[in-house]
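Q: Line order of the protein sequences matches chains A and B.
Quick note, the first sequence lines up with residues 1 to 231 if you use my numbering.
Quick note, the second sequence lines up with residues 1 to 425 if you use my numbering.
Keep in mind that the hints are not guaranteed to be accurate.
[What the hints assert, rightly or not] Partial chain A-side listing against chain B, Cβ under 7 Å, derived:
id : residue
1  : S41
2  : L42
3  : F45
4  : S48
5  : P50
6  : W51
7  : T56
8  : E99
The hints are simulated quantities; they were obtained by calculation from the structure and are not laboratory data.
For each residue, glycine too, the CB sits at the ideal point set by N, CA and C.
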Amino acid sequence: MTVTTGGTIESIEKFHEDLWMLNITPDKMRRYQPGQFLQFSLDEFSYSQPWPESRTFSIASWGREYMRILIKKTGRYTSRIFEEAIPGKRVSLKYPYGEFLLSENGQKAILCTGAGISPFLSLLDYLSKAESREEVFIFHTVPYKSYLVELGDISQYGNVHLVPFVTRENCEFPRRRMLIDDVISTLGDNANQFIFYLCGSDGFLLSMQRELRNNEIERIKSESWTVFKEV
Amino acid sequence: MTSEFIGSSNVGAFVPGKTIIPFAGRVFDDSEIVNLVDAALDTWLTAGRYAEEFEYEFAEFFGLSSCSLVNSGSSANLLAITALTSPKLGDRCLKPRDEVITVAAGFPTTVNPIVQNNLIPVFVDVELGTYNISAENLEEAITTRTKTIMLAHTLGNPFDLGKIMQLVKKYDLFLIEDCCDAVGSTYDNKMVGSFGDLATTSFYPAHHITMGEGGAVLTDNPEYERLVRSFRDWGRDCYCEPGAFNTCGRRFEQQHGDLPYGYDHKYVYSHIGYNLKLTDLQAAVGVAQFKKLPAFIEKRKHNFQRLKEGLKKYSELLILPEATPSSDPSWFAFPITVKEEAPFTRNDIVGYLESNKIMTRMLFGGNLTRQPAYKDVKYRIFGELTNTDIVLNRNFFIGVYPGITDEMIDYILDVFDNFIRERTQ
Numbered sequence: 001m002t003v004t005t006g007g008t009i010e011s012i013e014k015f016h017e018d019l020w021m022l023n024i025t026p027d028k029m030r031r032y033q034p035g036q037f038l039q040f041s042l043d044e045f046s047y048s049q050p051w052p053e054s055r056t057f058s059i060a061s062w063g064r065e066y067m068r069i070l071i072k073k074t075g076r077y078t079s080r081i082f083e084e085a086i087p088g089k090r091v092s093l094k095y096p097y098g099e100f101l102l103s104e105n106g107q108k109a110i111l112c113t114g115a116g117i118s119p120f121l122s123l124l125d126y127l128s129k130a131e132s133r134e135e136v137f138i139f140h141t142v143p144y145k146s147y148l149v150e151l152g153d154i155s156q157y158g159n160v161h162l163v164p165f166v167t168r169e170n171c172e173f174p175r176r177r178m179l180i181d182d183v184i185s186t187l188g189d190n191a192n193q194f195i196f197y198l199c200g201s202d203g204f205l206l207s208m209q210r211e212l213r214n215n216e217i218e219r220i221k222s223e224s225w226t227v228f229k230e231v
Numbered sequence: 001m002t003s004e005f006i007g008s009s010n011v012g013a014f015v016p017g018k019t020i021i022p023f024a025g026r027v028f029d030d031s032e033i034v035n036l037v038d039a040a041l042d043t044w045l046t047a048g049r050y051a052e053e054f055e056y057e058f059a060e061f062f063g064l065s066s067c068s069l070v071n072s073g074s075s076a077n078l079l080a081i082t083a084l085t086s087p088k089l090g091d092r093c094l095k096p097r098d099e100v101i102t103v104a105a106g107f108p109t110t111v112n113p114i115v116q117n118n119l120i121p122v123f124v125d126v127e128l129g130t131y132n133i134s135a136e137n138l139e140e141a142i143t144t145r146t147k148t149i150m151l152a153h154t155l156g157n158p159f160d161l162g163k164i165m166q167l168v169k170k171y172d173l174f175l176i177e178d179c180c181d182a183v184g185s186t187y188d189n190k191m192v193g194s195f196g197d198l199a200t201t202s203f204y205p206a207h208h209i210t211m212g213e214g215g216a217v218l219t220d221n222p223e224y225e226r227l228v229r230s231f232r233d234w235g236r237d238c239y240c241e242p243g244a245f246n247t248c249g250r251r252f253e254q255q256h257g258d259l260p261y262g263y264d265h266k267y268v269y270s271h272i273g274y275n276l277k278l279t280d281l282q283a284a285v286g287v288a289q290f291k292k293l294p295a296f297i298e299k300r301k302h303n304f305q306r307l308k309e310g311l312k313k314y315s316e317l318l319i320l321p322e323a324t325p326s327s328d329p330s331w332f333a334f335p336i337t338v339k340e341e342a343p344f345t346r347n348d349i350v351g352y353l354e355s356n357k358i359m360t361r362m363l364f365g366g367n368l369t370r371q372p373a374y375k376d377v378k379y380r381i382f383g384e385l386t387n388t389d390i391v392l393n394r395n396f397f398i399g400v401y402p403g404i405t406d407e408m409i410d411y412i413l414d415v416f417d418n419f420i421r422e423r424t425q
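Take the sequences, apply the hints, and build the full model.
A: Shown next as structure tokens:
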């Protein structure tokens, strides 16, 4: 059950030349669950006309007065967003969609690449608002350190551990992609007690699911209709 | 302009003995027609802004996250149980010959979807007075094949949700609440419809609010919402609203079964579905009606109380309705059972009321197992349906809908008084 609404871009956080966070105030704020996504359009909509061109983005916040979406410039439409998005611009939204829900109780291990951190930012807000002490590990592979959008806020989340990997520049984090051994060695003997959430490219999802199953880990969830339940 | 037109269409005054008192009906003012014209002038016609607004408000009313509008309460029931047959639910999904506990003293389209999905209805008797499932020995009706309980809150009176929820949790059953006659009823101060996995409502003119034709499936589970909408919308995998595309962001980038890679997601079908959608015109009427719902509920309760007070002196002849303990019904109607020892039959009193312009109705199918349609249907009966047969033979109901005024109630009670005086002299 979704709502169609206009919204206003309040501010833009520019983490990298091709990675921005838009903070948007929707005209109609509705409940949604961490992990859900929205449709975003640069054009205003009319109820009498078909919905304008839009793109799908995870909602990267929860429980705030505004909504955040993390946008990576990858193609024609996201390039247009980077050209036209400015504070004060009116946009159109439809939300919420999706069953990639993150509010289930239990220890969580998050494996993501690049902007795939996006749905999990809403989880961090959710845990913070719930004052949860639930243990969460985030394994995040990014090309540049500036892509670690969660880095600045991580200390405020009680029991959340960030394990970053940066592939294209030298910094304090390992300069490579995450490997399954990183995950298993960090989580220890009770790795299979965690619920694993994956978000990233199809190649990443397929290879990680295979590697996790090879390590006898079965509770894996990723953003896909055919595998929206535990795989 | 529309308001002016409606204002000039006057309804005549009530004339006792001449004006028919319906058992139910729509209660409109100009706002329904204003919305209807507004929606028509959009020329969008299929579900749009009014449907979106209604779904949100109606779900909030129940304290739930999801409402999916459909074209009738019967379709809502069909979708509610059919959604649970989806293979996407894995081992939990309902399979042919699984059993569904229900009652025969009710409306056929609470039960028909069970049959239509090759499931086995298990009929349990009802209690007189509440006209709901007899929960006392209900646990004995549960077998290893029992997977679901699907029940209506009869005529607005909640069934024993305390006992039912205990069994649902103990045996890990699905629960579908048919709330078609019970919008606004509460149990333990919580809206009926918010206890089970799915709930259904109807917006046919007889019901608490109307769209002409219409219904809804409510749930708090996004997985069930998706399944309901898939079955509603041709069985498709896509969940774009009308006029939208690529909501999933992967319209041409997925592998679905044996289809070619990237086959348009708009034309991928996960289920054998239907088209049970409704129009924005209907939803527009519903938006106006919804604003009146609290007042309608109170008027129904008021009318029920007046009838109860006025008829309680005949409790030796008539079984009057009783609210289920812990509940506050938003009554659909006022059911009455003629006692066996009464010096008249149900048909006698119904005939008298009807001849005096008071509409009556049977409790729907009475005993569905005795209906011609069920002659060759596979079902099981737990115990005996003794009370169900009493409902079939001796029960009827009269209306409490908001269009019934205090003057009409006075008249109804006078007619009852006259009838019983004549029959007991």
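Q: Starting from the hint list further up, note which numbers the structure goes against and sort them upward.
A: When the structure is compared with the hints, numbers 1, 2, 3 turn out to be violated.
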